[in-house]
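*Asks:* Protein chains in written order, with the numbering used here: chain G, 1 to 306; chain D, 1 to 306; chain Z, 1 to 306; chain U, 1 to 306.
If you are wondering where the hints come from, they were derived from the structure by calculation, not from laboratory data. Take these hints with a grain of salt, some might be off.
To be verified - Restricting the straight-line Cα-Cα distance to at most 30 Å, the calculated cross-link-like pairs of lysine-lysine (DSSO-like) are:
#1 Z:K140 - U:K13
#2 Z:K46 - U:K140
#3 G:K46 - G:K300
#4 D:K46 - D:K140
#5 D:K4 - G:K300
Unchecked claim - Pulled a few chain D residues facing chain G out of the computed Cβ check, cut under 7 Å:
#6 Q125
#7 Q151
#8 Y154
#9 L155
#10 S232
#11 G244
#12 S247
Glycine included, each C-beta is placed from N, C-alpha and C at the ideal position.
Protein chains: 4
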Amino acid sequence: MDLKNAIHECWSKIDEGHVATYIPALANVNPYQLGVCLFDVTNDHKEQAGASQVRFAVESVSKVISLLYAIDQLGLEAVSSQVGTRQTGFPFDTILNMEITGESQPLNPFVNSGAILISSLIEEQDGQSPFDQILDFSRKICNDPGITLDQEIYLSELETGDRNRSLAYYLKARGTLNNDVTTSLDTYFRQCSMMVTCESLANLGAVLANDGIAPWNSERLISSQAATYTKSVMMTTGLYTESGTYSVQIGVPTKSGVGGGLVAAAPSHCGIGIFSPALNPVGNSVAGLALLEMISRELKLDIFKY
Amino acid sequence: MDLKNAIHECWSKIDEGHVATYIPALANVNPYQLGVCLFDVTNDHKEQAGASQVRFAVESVSKVISLLYAIDQLGLEAVSSQVGTRQTGFPFDTILNMEITGESQPLNPFVNSGAILISSLIEEQDGQSPFDQILDFSRKICNDPGITLDQEIYLSELETGDRNRSLAYYLKARGTLNNDVTTSLDTYFRQCSMMVTCESLANLGAVLANDGIAPWNSERLISSQAATYTKSVMMTTGLYTESGTYSVQIGVPTKSGVGGGLVAAAPSHCGIGIFSPALNPVGNSVAGLALLEMISRELKLDIFKY
Amino acid sequence: MDLKNAIHECWSKIDEGHVATYIPALANVNPYQLGVCLFDVTNDHKEQAGASQVRFAVESVSKVISLLYAIDQLGLEAVSSQVGTRQTGFPFDTILNMEITGESQPLNPFVNSGAILISSLIEEQDGQSPFDQILDFSRKICNDPGITLDQEIYLSELETGDRNRSLAYYLKARGTLNNDVTTSLDTYFRQCSMMVTCESLANLGAVLANDGIAPWNSERLISSQAATYTKSVMMTTGLYTESGTYSVQIGVPTKSGVGGGLVAAAPSHCGIGIFSPALNPVGNSVAGLALLEMISRELKLDIFKY
Amino acid sequence: MDLKNAIHECWSKIDEGHVATYIPALANVNPYQLGVCLFDVTNDHKEQAGASQVRFAVESVSKVISLLYAIDQLGLEAVSSQVGTRQTGFPFDTILNMEITGESQPLNPFVNSGAILISSLIEEQDGQSPFDQILDFSRKICNDPGITLDQEIYLSELETGDRNRSLAYYLKARGTLNNDVTTSLDTYFRQCSMMVTCESLANLGAVLANDGIAPWNSERLISSQAATYTKSVMMTTGLYTESGTYSVQIGVPTKSGVGGGLVAAAPSHCGIGIFSPALNPVGNSVAGLALLEMISRELKLDIFKY
């Protein structure tokens with residue numbers, strides 16, 4: 001499809017959003033950016049348009065990567081027995097459900113409590129810190145050796161991370177998080193601060209879409225089961241409280257981040273990476289979602305329809 | 001696939017569940033029943049096995065039918081603007097989220113509050129009561145003129161319906177439900193008391209799978225949009241608090257009822273109706289879900305994988 | 001003390017409030033009214049000032065009366081075993097706590113759910129309806145044969161009572177409310193619609209202050225235990241979510257109603273009835289509470305200080 | 001009254017409780033202890049019986065002391081504007097209400113979040129740490145120079161303090177707690193670890209009962225306003241979720257701690273210190289409350305009755 005034209009049509013949506021302000025480093029990003037990269041796994045074809053090579057903070061999209069890495073290291077059973085696959089009905093940083101139901105498991109791996117728990121599961125290995133392992137894995141699954149940690153973003157995360165500290169100590173108090181809280185949080189803050197591009201995320205999406213096999217070299221990077229599990233969880237909980245809305249409107253498993261990134265994986269079709277930093281009140285990229293909806297419609301990606 | 005053999009393999013699962021007891025009429029059902037009907041819409045082929053012609057109470061599976069009928073009558077916009085597409089994170093009869101968030105909309109059409117609201121939207125027409133319209137529509141979309149209301153089930157629903165009355169008056173007090181409460185509840189109690197078979201539900205699922213067109217006579221019964229919307233909502237919220245779990249394990253849009261019924265719709269593949277009245281603690285058919293998982297795996301129906 | 005002067009000083013507070021609007025009959029009341037009656041039980045002296053003889057809707061102040069009558073009829077044990085003595089931390093019509101904790105008992109007799117349950121406990125007796133018994137008891141304990149039901153208020157209560165219906169059916173569904181819901185609600189709506197004066201409430205307060213004995217004729221109207229219990233519950237939960245605030249500022253057991261009434265009982269000192277219909281956002285009479293605070297200070301009534 | 005005999009009568013109640021187990025240092029305490037000290041401020045008479053000189057961990061009773069000290073240092077207005085006077089309806093360590101209502105203030109100074117906030121308000125002064133100031137103030141208001149920190153208890157508090165850390169970071173994230181989290185928590189953990197006796201607490205209670213003036217030397221230690229405010233808050237929220245129950249049964253402002261201590265202050269009558277480490281499920285001393293109820297009845301201390 002004509003991605004350039006699609007960007008053109010969605011451009012005005014940018015004005016409906018605002019860049020994330022809770023972190024100074026994000027607040028300074030120019031909102032007027034929109035980029036996309038689409039990796040068609042059926043014919044190994046990649047195309048891109050707009051700000052597709054601009055680096056931006058991966059933020060919550062990293063939750064997909066750390067989840068995949070944790071499954072890779074510990075097995076799906078070990079991971080899925082410690083974190084649920086339910087929506088919370090509340091914002092991403094809430095602990096309401098766990099308080100109310102008395103459960104000690106985070107409801108899913110994409111709310112902050114769940115993501116922090118996932119990161120805590122990764123142990124130091126051969127002298128490599130949990131984050132360094134996640135960074136290596138990110139470079140591999142995104143096919144992007146250029147991914148690095150942005151020091152300014154990381155310091156901002158540290159500075160504004162009290163809510164996440166509260167969640168982590170809550171999990172610790174409940175006996176759910178068993179590793180060191182400070183290390184686990186540091187891993188989490190660091191993974192959020194990795195800088196990616198639309199192309200990195202399109203590659204990540206392509207691996208998910210292609211049943212776990214990297215389409216660029218036919219290497220299996222994650223198990224088929226891990227890929228299916230993750231796509232399902234992305235569909236149910238990937239877009240915060242709007243997951244249900246976009247499950248209806250777009251119908252493609254997607255995960256967003258407050259850096260303005262989106263990764264989508266249309267099973268057996270394509271991986272998509274999108275970047276546009278102006279967010280709606282819930283924290284999803286406004287122009288990005290508009291663009292993704294257009295692509296889904298045009299390429300018939302809606303898994304509930306086709 | 002060999003449905004008979006599949007039933008044989010899942011039979012022992014029955015012992016892990018219990019028939020619903022909150023309604024005397026349901027408590028008396030023989031738990032040792034398992035039936036299935038599969039309608040393949042790609043080659044217009046239908047097969048069945050086990051108790052596929054036994055009539056059972058449709059219960060919450062009727063929420064799919066009333067939702068489709070409401071969309072048919074009022075348009076998708078009117079319906080989706082009054083009820084959300086979010087999971088609640090809580091059991092089906094809760095009003096916690098609405099109380100906590102201060103929202104006045106039910107979170108989705110498959111929790112009781114949402115379903116009661118949907119039923120309240122249907123107005124008397126040409127002297128036909130809302131329920132009679134739903135009954136007619138059920139017979140048409142299930143291709144089953146034999147669907148009737150079971151008086152005993154209906155009286156049981158009336159007798160045990162105080163929680164639903166509480167929900168309905170809550171919606172009324174919030175200004176969300178604008179029609180008469182007693183009539184709306186009566187419609188709801190009646191629709192739950194319709195008696196269907198696996199074949200009825202397979203037909204219903206086939207219409208959903210076939211983009212809204214009845215595969216048995218190529219008539220469009222619901223809009224393409226309505227079919228897609230409903231499948232998406234079924235995936236996210238169709239199996240109570242286990243929706244996420246089965247989204248991962250089965251990957252096919254499904255709705256359950258405490259009568260032991262399941263309707264599933266694999267887009268562009270098939271509709272499936274299943275009946276087995278022994279339920280797990282959440283209220284889903286134990287053997288039914290095991291059978292559905294087996295079918296999904298065998299026929300490669302998982303929409304997150306294929 | 002000079003009550004006339006006190007009214008003068010508190011008059012301007014009226015402008016900070018608004019009459020209740022949820023019921024048309026209350027919305028039409030002239031906000032510029034302030035009356036008080038003080039019954040000193042140590043020397044059997046009663047004085048009054050301002051609109052002390054104006055009749056107004058008793059509303060939630062009736063919860064004190066029905067509680068006392070229920071204890072009188074069933075015994076304190078039977079009543080206190082069915083309703084708690086805890087604050088909810090939430091507004092008066094919430095069911096959040098019960099939903100969250102899974103408890104089936106209302107948290108206290110002054111939230112609506114608790115008050116409806118209390119009213120439901122009163123059975124028809126010798127052909128006299130529960131309400132007629134409450135009305136008789138009100139006339140006796142308020143020493144006011146002029147108390148009658150206002151038909152317009154009652155009809156308004158009926159019309160706007162959906163939240164209360166929701167609460168009642170919720171209690172019924174939980175097995176807490178065992179009598180007929182419609183009758184119980186009707187009793188409740190009717191008791192809220194009784195018309196009282198400041199003097200009626202001062203008499204009621206005097207009985208409570210005087211350990212259960214009517215100071216006007218030395219007759220014991222309620223048990224000592226009932227009087228103490230009720231004063232304690234008034235202190236903890238009598239002023240909605242502001243109970244704690246006024247426990248600190250006034251220090252006298254008090255119950256308010258959205259009709260603008262207040263009844264206060266300073267143990268072994270005096271009963272006080274106040275009326276001023278302009279309410280603060282929580283539902284308490286603004287000028288009324290200011291006046292009560294002034295009286296408490298002047299007459300040294302604060303039970304936490306003296 | 002005959003305190004020795006009262007202890008004898010309440011002794012068997014010990015078997016109904018269990019010592020706190022969440023901290024090893026508390027779990028090792030011998031449950032079979034019951035002591036009391038009563039300071040009658042009307043005639044400056046003090047009597048004691050049983051384990052009245054045994055030192056035990058002050059735990060949550062320290063919340064009374066830090067509250068009084070914070071008011072002393074910052075003024076009542078500054079303190080009461082930052083923390084409420086409402087019950088939560090939930091256990092002491094919950095953050096449910098704040099999450100649900102969106103409020104950023106702890107509901108009262110005796111839930112953990114409120115107490116941590118209070119401790120955070122105390123600033124280092126003349127080189128003296130917040131805790132050292134609280135310790136000095138404790139020795140003065142308890143008239144007990146022997147109060148010291150128990151190192152083992154303190155280390156246990158540190159080790160098991162994750163829930164409190166979660167609460168503190170939550171308050172920090174909400175912008176409510178503005179000082180250093182680690183210091184604030186350390187102050188809190190230390191103040192809980194002070195070792196007191198029944199006599200210390202009777203003296204504390206006597207100051208509260210005596211309008212803020214130490215009855216042993218007629219020195220004003222706290223303002224009259226602070227004394228009244230604190231007694232009121234003790235009555236409403238001093239005994240966790242049982243505050244309402246004991247407001248009814250005992251009718252004397254009381255604060256408990258999981259070390260088994262109780263401080264009670266009957267306005268213008270007496271201060272009472274009690275120690276018995278076996279707790280009921282809510283965390284209140286079983287035999288201690290039985291003894292206090294007996295004393296209240298015998299000495300006619302119930303402020304709602306007399």
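*Asks:* Against this structure, judge whether each hint is valid.
*Replies:* Status of the hints after comparison with the structure:
| no. | hint | in the structure |
| --- | --- | --- |
| 1 | Z:K140 - U:K13 | violated (42 Å) |
| 2 | Z:K46 - U:K140 | violated (46 Å) |
| 3 | G:K46 - G:K300 | holds (17 Å) |
| 4 | D:K46 - D:K140 | holds (17 Å) |
| 5 | D:K4 - G:K300 | violated (36 Å) |
| 6 | Q125 | violated (27 Å) |
| 7 | Q151 | violated (37 Å) |
| 8 | Y154 | violated (31 Å) |
| 9 | L155 | violated (34 Å) |
| 10 | S232 | holds (5 Å) |
| 11 | G244 | holds (3 Å) |
| 12 | S247 | holds (5 Å) |
Hints 1, 2, 5, 6, 7, 8, 9 from the earlier list are contradicted by this structure; the remaining hints agree with it.
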